[in-house]
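Number of protein chains: 2
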Amino acid sequence: MLSSYIESNKERFLSELLDLIRVPSVSTLPEHKPDVDRAAAMVARRLGEAGLENVEIISTSRHPLVYADWLHAPGKPTVLCYGHYDVQPADPLDLWTSPPFEPTIRDGNIYGRGACDDKGQMYMHVKALESLRAVNGRLPVNVKVLIEGEEEVGGESIAKYVPANQDKLQADVALVSDTALYADGLPTLCVGLRGLIYLEVVAHGPSRDLHSGLYGGAAPNAVFGLAQLLAKAKDADGRILIPGIYADVEEPAAAEIASWKRLPFDEAEFLANEVGSPRLTGEPDRMILERVWSRPTFEVHGIGGGFTGAGSKTVIPAEAIAKVSFRLVPRQDPGKVIALFEDWVAKNTPPGIRARVRVLNGGPGIVVNPDHPAIAAAAAAFQEVMGKPTVFIRSGGSVPIVGDFATHLGIPTVMMGLGLPDDRLHSPNEKFKLANFYTGIMTIARFLERYGGGS
Amino acid sequence: MLSSYIESNKERFLSELLDLIRVPSVSTLPEHKPDVDRAAAMVARRLGEAGLENVEIISTSRHPLVYADWLHAPGKPTVLCYGHYDVQPADPLDLWTSPPFEPTIRDGNIYGRGACDDKGQMYMHVKALESLRAVNGRLPVNVKVLIEGEEEVGGESIAKYVPANQDKLQADVALVSDTALYADGLPTLCVGLRGLIYLEVVAHGPSRDLHSGLYGGAAPNAVFGLAQLLAKAKDADGRILIPGIYADVEEPAAAEIASWKRLPFDEAEFLANEVGSPRLTGEPDRMILERVWSRPTFEVHGIGGGFTGAGSKTVIPAEAIAKVSFRLVPRQDPGKVIALFEDWVAKNTPPGIRARVRVLNGGPGIVVNPDHPAIAAAAAAFQEVMGKPTVFIRSGGSVPIVGDFATHLGIPTVMMGLGLPDDRLHSPNEKFKLANFYTGIMTIARFLERYGGGS
Chain G
6 MLSSYIESNK ERFLSELLDL IRVPSVSTLP EHKPDVDRAA AMVARRLGEA GLENVEIIST
66 SRHPLVYADW LHAPGKPTVL CYGHYDVQPA DPLDLWTSPP FEPTIRDGNI YGRGACDDKG
126 QMYMHVKALE SLRAVNGRLP VNVKVLIEGE EEVGGESIAK YVPANQDKLQ ADVALVSDTA
186 LYADGLPTLC VGLRGLIYLE VVAHGPSRDL HSGLYGGAAP NAVFGLAQLL AKAKDADGRI
246 LIPGIYADVE EPAAAEIASW KRLPFDEAEF LANEVGSPRL TGEPDRMILE RVWSRPTFEV
306 HGIGGGFTGA GSKTVIPAEA IAKVSFRLVP RQDPGKVIAL FEDWVAKNTP PGIRARVRVL
366 NGGPGIVVNP DHPAIAAAAA AFQEVMGKPT VFIRSGGSVP IVGDFATHLG IPTVMMGLGL
426 PDDRLHSPNE KFKLANFYTG IMTIARFLER YGGGS
Chain V
6 MLSSYIESNK ERFLSELLDL IRVPSVSTLP EHKPDVDRAA AMVARRLGEA GLENVEIIST
66 SRHPLVYADW LHAPGKPTVL CYGHYDVQPA DPLDLWTSPP FEPTIRDGNI YGRGACDDKG
126 QMYMHVKALE SLRAVNGRLP VNVKVLIEGE EEVGGESIAK YVPANQDKLQ ADVALVSDTA
186 LYADGLPTLC VGLRGLIYLE VVAHGPSRDL HSGLYGGAAP NAVFGLAQLL AKAKDADGRI
246 LIPGIYADVE EPAAAEIASW KRLPFDEAEF LANEVGSPRL TGEPDRMILE RVWSRPTFEV
306 HGIGGGFTGA GSKTVIPAEA IAKVSFRLVP RQDPGKVIAL FEDWVAKNTP PGIRARVRVL
366 NGGPGIVVNP DHPAIAAAAA AFQEVMGKPT VFIRSGGSVP IVGDFATHLG IPTVMMGLGL
426 PDDRLHSPNE KFKLANFYTG IMTIARFLER YGGGS
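These protein sequences, in sequence, are chains G and V.
Under the working numbering, the very last position in the first sequence is 460; numbers go up by exactly one each time.
Under the working numbering, the very last position in the second sequence is 460; numbers go up by exactly one each time.
A couple of the hints might just be wrong.
Put simply, identical chains are the same to the list, so a pair is met inside one copy or across any two.
Stated by the list, open to error - With a straight-line Cα cutoff of 35 Å, these simulated DSBU-like cross-link-like pairs (lysine-lysine) come out: (1) 237 with 341; (2) 266 with 341; (3) 237 with 352; (4) 173 with 38; (5) 173 with 81.
It is worth saying that the hints were derived from the structure and are not from the lab.
The shape of chain G in the complex, shown without the other chains (with noise of 0.2 Å):
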């Protein structure tokens, strides 16, 4: 039986997990490339062990694609499994209670860069497959498995890939596992992902670094410059100024905005427990869930310029670099809203200085519809494995392949993750609660069963 099999193997399961953290398969740092490579060879030998055949490393020009099939089930529909075993830098590293690559057990939970997002979550579909296999000799259904090394960088490769091999990868359905349960205990089904255009702004100013005290009131300032058109472009509120952004943006069904009226969400919480700013900011007009949901937004996640050593340069600096990005709801197209920002950009730099804007990667947020038989299936699993009516969410994260899956094979994404809303995800200490990994494989298991035609 499935659930005696899980059981009997758990300390495997997580022991093969822990060892994946371990591996510090940052994508976007060149000195990590060895181990992004060790970490694609470890799931591919993983993927084999588990029953899957035609294992492949697919090289690609940065870091490796992982493939994998199972297609011995006649007339049973096809899953399209994605994941990634790329993660995200762990800097600032001093604020890590453990350190982020050598995963630790403490109070029920797996500390790790990783460890959910999206090592963690992506090992459930590995071992619900091993699982299946196990117990019934076969799979319900038959499964293509596509892991992916540069998620945390924008998925280059994979965005090439798919509309490259649109036969091989044919399916009815991905299954993604890179999103989060709206609460503990509570199954949750995504059904909407935010996109997201990352861009980098440089700002310019005088040639060289001047001194301010000779210059100091007719130089223009390339740090100071680079505040000030930032600071454009939002309202004090957090309402996004840039002309036509909010055009395109396409409002949730009454229904949907009344079953998240319905979620256990407490904003007092949030903002204490998980933001622990003074107060939250954004558009007043909206609910919170809205603001991270369903509208767009501008962020700045970085900036850098000048002199920020110990004690005092007093330079009127000649550069200065912003990254910055745009998350994007359903209906919005990215190519309209870089054009938007970059017309933005050129109107309000200030005076004296040159700004140039740089796109990183981009991709369009998504909806998925609820009624699908595999969203049916997979709602049904997790009621049964979790006890509870699965709800269905969105979230303000972006998960760019379910868009390239939806475009270029023309199937949804059943996206059942098993994070939680405090595991940290890209911060210092992210988490993975131990008994969602085996719950998601569990639930996981069940959804293909069910998906396949069983009881």
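Fit chain V to the known structure of chain G by using the hints.
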């Protein structure tokens, strides 16, 4: 004769100066502490060799002061020679044509960090004193020399030493060579300086870096909040918007403004060759020389926060920091301006952000009476050596010690600098014109002779 002594010792004077520039006495960087101490020892040795007496290396809580004197001219005035042996950091290193601490002669200039600011200029004093002693067997006035190693980090130790040693340092006038000729070949005395308040502003948003997908739209962003705060400090032209900031600003006399209008200032040349930005900024109703000499400024020297590495990291940053300053003009009180700024920060910090101000150092602006006998002697010496009438200008830079000499010793300062406007102080490829080094030695020697009553 003075001029032939200087001529026949040129090579040695230069060689000694280059030795001093080779010592990377960067006062703000703790790793250069041994170099700072080495520079102090070298200066002390050279003062002794020049015939000064009572040479002392005075320990402080940070970098040593160097003192020496020669007090054998009874009935003659006493001149307090001041300079600094510390330098600004050299970064960004890749923009230097030759390494900052391997001084090189090219096209008649000495290139190196500190070549002009202030090692080269300070060393003119030492060699002028040596030359007078060598030629005349004595000095024409009493001389005290006080050289510090913290000018580039706020000069805290000398600011304590001067009021605590008023008797020891008593003099009739101070001599400082840390300013520039208005134009090459134009003898120039600086009779006004701006003051400086250097501060850090630290902004806090969420209690940790947050995932911009999951929290974007509701969580405040420390980098964006700091940019919004700073942007409000000035309007698009560059007028400071902090209430009360212009209240105590003293307008220059009409005659002084009229003399500035006669200076060979070429705005197009200043823009193209010195600043190098698309256009200048600043108060539109003020001429450029007013903007940089007699108007207060608010400047952002550096900013940092969030992720600025390679690639894309999607965080809402928890913290951001900016280094800022005010340049002050005569009659503005530093304490009052700090209070105005702190009040403005408290009132203008965006919702959800906490901002904190830390004062690193501060000192007032200063003007000197051009009718003082020492100023008159200096102007005459300049005209004699350079063959043109001396012009009186101000500098927008800050030499806090001039204010301390006025406050605690009750003496004015002759600011006789031989730098040039394009010497790139604080920037890569700092230089000092070699001919001006020798002209400076001769001019200072002749000033001391004239001030001592000689012809």
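Structure-based check of each hint:
1. 237 with 341: For residue 237 and residue 341, both the intra-copy (20 Å) and inter-copy (30 Å) Cα distances are at most 35 Å.
2. 266 with 341: within (32 Å within a copy, 51 Å between copies)
3. 237 with 352: Both, since 11 Å and 19 Å are each at most 35 Å.
4. 173 with 38: Result: close within a single copy only, 27 Å intra versus 64 Å inter.
5. 173 with 81: within (17 Å within a copy, 98 Å between copies)
In terms of the numbered hints stated before, the structure departs from none.
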